[in-house]
Amino acid sequence: MLILAWVLAPCVPALAAEVLLLHSGTGPTPWNQRLTSGLIEGLGSAASVRQAFLKADGSDEDAYDAVYRRLSGALAGDAPEAVVAEGPVAFAFARKYADLFPGAPLIFCAMDRPASEILSRSGNCTGLSMTVPVRENIDLIFAMRPDTRLVVAIADRTPGSARLMDRVDQAMRPYLHRAQIMFPGFEAGDDQGLDLHALGDTLASVPSTGAVLFLRFSEDREGTPVPDETLAALIRDRAASPVFLAGDAVFGSGAVGGWMIPAKDMGADAARVVLKALDGEKVSEMLARPTRPVLRFDGTALARYGLKAPDKAELVNPPAGKVEERPILPVTGLAWALGLAATAALAAFLRGRYKA
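Taken in order, the sequence shown gives residues -16 to -1, 1 to 340; the numbers are from mature numbering (1 follows the signal peptide of the UniProt record, and there is no 0).
Source of the hints: derived by calculation from the structure; they are not laboratory data.
Below 25 Å or equal to it, Euclidean Cα-Cα: the simulated PhoX-like pairs (lysine-lysine) are: (1) 248 / 296; (2) 80 / 266; (3) 248 / 260.
Label pairs and their in silico Cβ distance ranges: (4) 207 / 158: 34 to 42 Å; (5) 53 / 302: 47 to 55 Å; (6) 120 / 142: 17 to 25 Å.
Heads up, the beta-carbon is just placed ideally off N, CA and C, and yes, glycines get one too.
Model the full assembly from the supplied sequences, consistent with the hints where possible.
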């Protein structure tokens, strides 16, 4: 069964155009509501925003046909002038059931750029691909912590994660003479992804000479969605070494921050495309640029790990008084990733060559 919910943007003129914002998630979250806020503010009085949240218990066609019928009834002939699809589920739904939005341009966001053949079959469509700032964050880790000897990259098994990990490998090449990269859940002997228990143990086991780069983790190894609040709690309670972020979904959890794509900026960028579409421009002929990352840090988290923000970085949550440093747990907890023999080798590697 699919869950459908509506939220209407307040304070818009009665004759304003209507924009439908389709979400891939189950309901409002701090992250998707920041995106919504950016869209609403960017549109101003030119359009109202209606939100719909799509979530299936399964992926069979009957479930999506059911939500199609419900959404068709909710629109009741009042089709939107433009559709913004947040995430791949919403984008796939909007493409499959395009007859719900006759003539409405489709703008995707918060997802990898679809293949060219998919875009070519999507009608009047463009979007803001979510280009994760991988190299920027790898360089940032070594600029802020030159003694880093291990980078642990966290990713899920969703489409696009493999490309992200390939980009991490490429970005790490200049540093491989001094540090190692690991992908928990994607190592030899354990390549089925992470569950929440393993993710928590991972965060708790990274040594003091290590750092975590959080790429994405929207679902566990079984494909069960993981709420941002759950991830934030894991980082807050378990992280033993600095956690750098490529997005702001769990910013404020105790992660230090980094180069990230702000949800509100993404919504504002989508609004600019919508406004052009409402002025009559064909969105399929637009070259929409990805949202630019910003350099943002949590001041209290930085202090916890003895780090200082680079010049010109945005700093929030400055420490109020002395901040107690987070204790570092033994590295032997890394058995989840490598197996016993490989873990022993890694422990010797870290305690020997890189201990100094």
